[in-house]
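J.: Please build the complete structure, drawing on both the sequences and the hints.
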Amino acid sequence: KNVEDFTGPRERSDLGFVTFDITADILNGKNDFPSIFDWNVKQLFLYLSAEYSTKNNALNQVVLWDKIMLRGDNPRLSLKDMKSKYFFFDDGNGLKGNRNITLTLSWNVVPNAGILPLVTGSGHVSVPFPDTYETTKSY
Amino acid sequence: AAAAAMLSLDFLDDVRRMNKRQLYYQVLNFGMIVSSALMIWKGLMVVTGSESPIVVVLSGSMEPAFHRGDLLFLTNRIEDPIRVGEIVVFRIEGREIPIVHRVLKIHEKQNGDIKFLTKGDNNAVDDRGLYKRGQHWLEKKDVVGRARGFVPYIGIVTILMNDYPKFKYAVLFLLGLFVLVHRE
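Taken in order, these protein sequences are the chains called A and B.
Everything in the first sequence is counted per the UniProt record's numbering, starting at 1 for the first residue and increasing by one.
Everything in the second sequence is counted per the UniProt record's numbering, starting at 1 for the first residue and increasing by one.
Bear in mind the hints are in silico, worked out from the structure with no lab data behind them.
No residue lacks a Cβ here, since even glycine has one placed at the ideal position from N, Cα and C.
Errors might be hidden in some of the hints.
25 Å max Cα-Cα, derived BS3-like pairs, lysine-lysine [to be verified]:
hint: 1; chain 1: B; residue 1: Lys115; chain 2: A; residue 2: Lys67
hint: 2; chain 1: A; residue 1: Lys55; chain 2: B; residue 2: Lys166
hint: 3; chain 1: B; residue 1: Lys115; chain 2: A; residue 2: Lys55
Away from chain A, derived, C-beta distances all over 12 Å, residues of chain B [claimed, not checked]:
hint: 4; residue: Arg21
hint: 5; residue: Leu58
hint: 6; residue: Val84
hint: 7; residue: Ile97
hint: 8; residue: Leu104
hint: 9; residue: Lys119
hint: 10; residue: Trp137
hint: 11; residue: Ile159
T.: And the structure:
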């Protein structure tokens with residue numbers, strides 16, 4: 001859709017709607033894999049981000065969804081038909097017809113004390129946006 | 001009262017026993033300790049590229065990752081691009097207190113100009129409401145540094161000294177006393 005976004009001289013920007021499933025098995029110490037939740041890991045901050053290029057900006061990254069997973073929480077993620085938590089606004093009108101939006105799952109390891117690494121998952125998905133705006137009101 | 005009086009007399013005797021030279025020596029010693037500390041701090045600023053390489057978390061907006069009193073270690077190297085998911089410490093124009101939040105959105109141009117939006121993990125909405133009136137994005141110039149590591153609890157001392165000035169004066173007074181009177 002193309003809607004008012006109040007953030008600049010241009011009055012309207014593209015607003016994208018993405019529905020997604022996430023299935024992930026955070027390493028949990030079973031099957032001989034060491035657990036990512038070792039003695040010094042307090043939590044994982046997981047986030048799904050969309051990365052794409054437009055005429056206006058060479059690189060755009062938007063976080064669509066995030067979750068805090070504490071040590072002890074169920075390490076298996078099985079989310080279906082999720083809607084994005086945050087508005088997927090572009091800085092301009094670069095989503096329409098954009099063939100290559102790459103979705104990646106990443107996480108920030110928060111220790112009890114020490115370094116704060118940012119890790120990007122190895123899997124990623126590319127989705128294209130349609131060439132026309134949606135005219136019906138649905139979300 | 002008698003015991004206290006004796007204690008203060010002993011202490012004064014110690015000071016009187018030091019002649020002028022020893023007193024100057026102690027003062028120079030003290031000066032050296034302060035200079036070394038300042039040099040280490042400046043060195044940290046150079047290595048990390050940040051004007052404030054170590055900051056104390058002041059609010060609960062990044063819980064449960066960081067709590068009030070946690071100490072954060074920052075770097076601010078220009079070569080490190082700002083990307084979503086990173087924890088940045090930034091200052092809003094005209095405000096003194098830096099804020100520690102996570103990058104939610106970035107739009108970067110070919111030439112490297114970048115504008116980005118932040119949000120505290122523990123906040124329901126993004127930070128746009130916190131920015132200056134009419135400001136919708138943060139830029140590189142607003143960034144004090146990126147959080148690379150942290151240590152919990154230790155910064156509480158700084159917060160206590162800020163909130164209770166008497167505590168700060170007591171700590172400084174005791175430190176100064178210790179250094180001046182210490183024989184070695």
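J.: For each hint, tell me whether it holds in the structure or not.
T.: Each hint tested on the structure:
no.: 1; hint: B:Lys115 - A:Lys67; verdict: holds, 24 Å
no.: 2; hint: A:Lys55 - B:Lys166; verdict: violated, 58 Å
no.: 3; hint: B:Lys115 - A:Lys55; verdict: holds, 16 Å
no.: 4; hint: Arg21; verdict: holds, 45 Å
no.: 5; hint: Leu58; verdict: holds, 18 Å
no.: 6; hint: Val84; verdict: violated, 4 Å
no.: 7; hint: Ile97; verdict: holds, 21 Å
no.: 8; hint: Leu104; verdict: violated, 5 Å
no.: 9; hint: Lys119; verdict: violated, 8 Å
no.: 10; hint: Trp137; verdict: violated, 8 Å
no.: 11; hint: Ile159; verdict: holds, 18 Å
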